[in-house]
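Trainee: Single-letter residue listing:
Number of protein chains: 2
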Amino acid sequence: MHSQTLKDTYAAYIACLNRQDWEALGDFVGDDVRYNGERVGLAGYRQMLERDFCAIPDLHFVIAQLIAEPPHIAARLTFDCTPTGELFEVPVNGRRVKFTENVFYTFEAGRIVDVASVIDKAAVAAQVLKP
Amino acid sequence: MHSQTLKDTYAAYIACLNRQDWEALGDFVGDDVRYNGERVGLAGYRQMLERDFCAIPDLHFVIAQLIAEPPHIAARLTFDCTPTGELFEVPVNGRRVKFTENVFYTFEAGRIVDVASVIDKAAVAAQVLKP
Numbered sequence: 082m083h084s085q086t087l088k089d090t091y092a093a094y095i096a097c098l099n100r101q102d103w104e105a106l107g108d109f110v111g112d113d114v115r116y117n118g119e120r121v122g123l124a125g126y127r128q129m130l131e132r133d134f135c136a137i138p139d140l141h142f143v144i145a146q147l148i149a150e151p152p153h154i155a156a157r158l159t160f161d162c163t164p165t166g167e168l169f170e171v172p173v174n175g176r177r178v179k180f181t182e183n184v185f186y187t188f189e190a191g192r193i194v195d196v197a198s199v200i201d202k203a204a205v206a207a208q209v210l211k212p
Numbered sequence: 082m083h084s085q086t087l088k089d090t091y092a093a094y095i096a097c098l099n100r101q102d103w104e105a106l107g108d109f110v111g112d113d114v115r116y117n118g119e120r121v122g123l124a125g126y127r128q129m130l131e132r133d134f135c136a137i138p139d140l141h142f143v144i145a146q147l148i149a150e151p152p153h154i155a156a157r158l159t160f161d162c163t164p165t166g167e168l169f170e171v172p173v174n175g176r177r178v179k180f181t182e183n184v185f186y187t188f189e190a191g192r193i194v195d196v197a198s199v200i201d202k203a204a205v206a207a208q209v210l211k212p
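Protein chains in written order, with the working numbering: chain A, 82 to 212; chain B, 82 to 212.
Calculated from the structure, these hints are not laboratory results. Accuracy of the hints is not assured; some may be wrong.
Since the list can't tell identical chains apart, any single copy or any two copies may satisfy a pair.
Calculated cross-link-like contacts (lysine-lysine; reagent style DSBU-like; alpha-carbon spacing at most 35 angstroms) [to be verified]:
1) Lys88 to Lys179
2) Lys202 to Lys179
3) Lys88 to Lys202
4) Lys179 to Lys211
When you get a sec, could you build the whole thing from the sequences and use the hints?
Mentor: This is how it looks when you write it as structure tokens:
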């Protein structure tokens, strides 16, 4: 897949997440998707995202940086949101927090089959516990 | 710069870090390098690395994944080490910990001018505080 095509596919995936269009998630994510080394599968991946939106009702994915070398994508995602209760074991309780995620994806046949993510959870703790 | 040339330059940069060859750091890192949005400069960047090796005498950078789209590189780095005292405000005290870093670099004229990193600090806390 061409680099720009892969980026377009990734942008469509992020748009799918942002409109919480879980019925379409399988268009972008493989049935046997792995997340940080664990096979979670499409159903487990969807559950993970649904839990994220439950904890963060105003969750919105913003692509700050995107680089592609097919079949791989790396994205720097930024979040600016108000989680209702606990997030990453930090009692955020509706405060506004900003954090980033740097994440690698591997695509096969146009769908994500592997995700290797690091979320800056420490930034959330720093903003809430040591503001 | 060609994608493979950029990867070779990056591998040489990581080798430079692993042998703590601070005199050569300027071959790979620009004078005005920025780290997570802050201009730290070459001297500040070197200090940061020297502090890392002081806290983690057996620090060794391993490239687990590397994707290039010139002038950008994204790397997933893995660490398996025994920090002597505190690391990321966690009292590791010589225990063995494993963690990852997902990091983006921007190159100009063959040198790194911008670094956007997320280190999985929460993984270290989880291994030490909740083993």
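Trainee: Indicate, hint by hint, whether the structure satisfies it.
Mentor: Hints versus structure:
For the homomeric pair Lys88 and Lys179, the shortest alpha-carbon distances inside one copy (24 angstroms) and between copies (31 angstroms) are both at most 35 angstroms. Taking the shortest alpha-carbon separations for Lys202 and Lys179, both the intra-copy value of 10 angstroms and the inter-copy value of 17 angstroms come in at or below 35 angstroms. For the homomeric pair Lys88 and Lys202, the shortest alpha-carbon distances inside one copy (26 angstroms) and between copies (29 angstroms) are both at most 35 angstroms. Both within a single protomer and between protomers do Lys179 and Lys211 lie at most 35 angstroms apart by alpha-carbon distance, with minima of 14 angstroms and 26 angstroms respectively.
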